[in-house]
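Asks: What follows is each chain in one-letter form.
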Amino acid sequence: MKPTSAAFSDNAHRALHDVTLQQALAKAGVGFVEKRRAAVSDLPEFAALREAGRAIKDHALAHLDHYLLRFEQQVQASGGEVHWAETPAEACAAVLDICTRAGATLVAKGKSMVGEEIAINDALETAGFEVVETDLGEYIIQIAHEPPSHIIAPAVHKTRKQIADLFESLHHQPGLTRPLETVPQIVDEARQILRDTFLAADVGITGANFLIAETGSTVIVTNEGNGDLSATLPRVHIVLASIEKVVPTLEDASVLLRLLARSATGQEITSYTTFFTGPRRADDPDGPEQFHVVLVDNGRSRMLGGAYHEMLRCIRCGACLNHCPVYSAVGGHAYGWVYPGPMGAVLTPLMVGLDEGRPLPNASTLCGRCEEVCPMSIPLPQLLREHRRQEFERRLAPPRSRWALATWAFFAQRPRLYRWASRLGSLLLNKSSGGRGRFRSLPFAEGWTAARDLPAPQGDTFMAQWQRRKPHD
Amino acid sequence: MRVALFVTCLVDLFRPSVGFATVRLLERLGAEVVVPPEQTCCGQPAYNNGDFETARAIARQVIAAFDGFDHVVVPSGSCAGMLVRHYPELFRDEPETLARSQTLAARTRELSAFLAESGGDPVVDAPFSGKVAIHDSCSARRELGIHAAPRALLGKLAGVESVELKEAETCCGFGGTFCVKYPDISARMVTDKADAVIASGADVLVSGDLGCLMNIAGRLKRMDSTVRVYHLAELLAGMTDAPGIADPDKT
Ligand code: SF4
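Top to bottom, those sequences are chains A and B. Its first residue numbered -12, the first sequence is counted upward by one per residue in my numbering. Its first residue numbered 774, the second sequence is counted upward by one per residue in my numbering.
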């Protein structure tokens, strides 16, 4: 996917004026927040669990090489294969190679954010494979030819009506033409269509929420069970996973699963949690003939030990998106790439470059709600500031704002001069407000006054008045 | 008890009455209030725009100016959060300044937290009656964990009926330079907040942070709302006879 993050302001502007999108966002947002709140308050040990989860991830990241190698050994021991990919291109090549060798034509795909990151669908389609997304949300955006707008609810930007219309215009099979009114009807219809895909697919591709070093298992959670079908029915199962997903033990994964479900959807546990370990064994009733794990780096090993290290703890729960006032206002597409919201504003500049991703870390009030709800206690505001620091050092901000900052900084470091200049400013502004107490518009402050009045200074500065009150101080 | 007042740049420039209200409240506790003249700003504009060097230079200036007082009081959660949380962060790699910044952080309090902790009684019943909504700034709430203090203080005013805002945890959209860099998004956020204020039925909105207040008041006025907006200190100090934020002068 070609990023459009540099155009964030325009994207956001369009999103704010898109009435249908605003309806969809308003509906989704409150639900996520309320459900998480209830799930967290029902669990007195949530804080302790969060600490434990963080410790698990910190430990796994500190010994990432060890656990990844252990994971590889265990995958091999259970009859599977691990493919290491440093770049998206390498990852796509590995997948294409497996599909070609398997003589595949149809690929069933479960939801995978890493898949989005490496644009695996484009790669497969270009190479002539047919790809069908099997997660309902992913399926909807696939047929709408749109990218996901949320990391756990990819079609959250669509209203029920839009989805029903989309289905009706696309599904022409007999028996599928009744009007779709309720969500269960929509789900039913998607199930009918997708069932054939599961049965006919040669390869199933899924993501992974966790990789378990001790057993060589990969774990996915879904609420539809589509991941299980994508993994078990086709002859070949490919797991796409980024390297920071590995944890030492099953026990560790279960701690993280509890945090993930509550933070993501407010569930105690996601409807389907599936562990995959190797291909079908001789006495297994079902399962794939081949089991492959493609381990994707794509810049993560460079994050290790650096300023953004803590971001690698992210378990992609989406809580930071759901609680972000900016994400709630503009939706995921405005962010212009795969990962939106606070976590996306940290990751995107790292993955597509700061030149392209520059607006994202700036488009935040640093209100801190993301950090407050993040189950992995990732200091997201501080990481956004870190991007701003890099931006400042590389002089990427527009000259006008750099100049304004430099001028302010000059005065702020010279208290005497500052007191004089601030007096001048506040007296002038007060005078020009003509006693009205505010301005409806003011040159150089259009950003402020477009939607709100600017309160006028009361008169002389506090410092000046204080000196008059206490002449001997 | 010698208390140094960190006025904050917004109060200094836009609303000195908040500074005087703060002084009045502190003096009611018997404090000797000092206003160190070498203060300008806490440095957040630089810090939040990535200019950490300038932020450090300003932080050093503040650390020096506020050295040696029993307490440092700030009528803003945002600026107090900068001194308490972010100065030590900025000097992580400079042990000497780090220690000084930690000393300053330990002595620094946001106004409502200081008043509530003081054990004294700074609130003399003011001749005010009406419904009052509180807006918690994000920094007060999340960086400093302040929630109960302003409510407890308001509870001491007999004429005040407190009301809570819906979605109180959501940011008002000020965010320092954010509000001018992303005016559309900021406008949307402040409109939601102003709607919540109006829906609460409050006569008056207060908060401990002038940045949020200027933002919300500006939007309320644009929406022709009659809700009056004050800093919490002004209400507690009985100074609500004066025009509220963005209200015209009395004639
Ligand atoms: S940053 Fe935290 S809240 Fe956001 S998706 Fe990752 S784990 Fe969840």
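By construction, these hints were calculated from the structure, which means they are not laboratory data. Since we're looking at a predicted model, the values are computed, not measured. We put the CB at the ideal spot given by N, CA and C, even for glycine. A couple of the hints might just be wrong.
Said to hold, decoys possible - Selected chain A positions facing chain B (Cβ under 7 Å, derived; list incomplete):
1. D(-3)
2. E238
3. P312
4. T352
5. E359
6. R375
7. F379
8. L392
9. Y405
10. A408
11. S413
12. G422
13. G424
14. G434
15. Q445
16. T448
Asks: Now look at each hint and say whether the structure bears it out.
Replies: Each hint tested on the structure:
no., hint, result
1, D(-3), "violated, 10 Å"
2, E238, "violated, 32 Å"
3, P312, "holds, 5 Å"
4, T352, "holds, 3 Å"
5, E359, "holds, 6 Å"
6, R375, "holds, 3 Å"
7, F379, "holds, 3 Å"
8, L392, "holds, 6 Å"
9, Y405, "holds, 5 Å"
10, A408, "violated, 10 Å"
11, S413, "holds, 5 Å"
12, G422, "holds, 4 Å"
13, G424, "holds, 4 Å"
14, G434, "holds, 3 Å"
15, Q445, "holds, 6 Å"
16, T448, "holds, 5 Å"
The structure does not agree with the numbered hints 1, 2, 10 stated previously, though it agrees with the rest.
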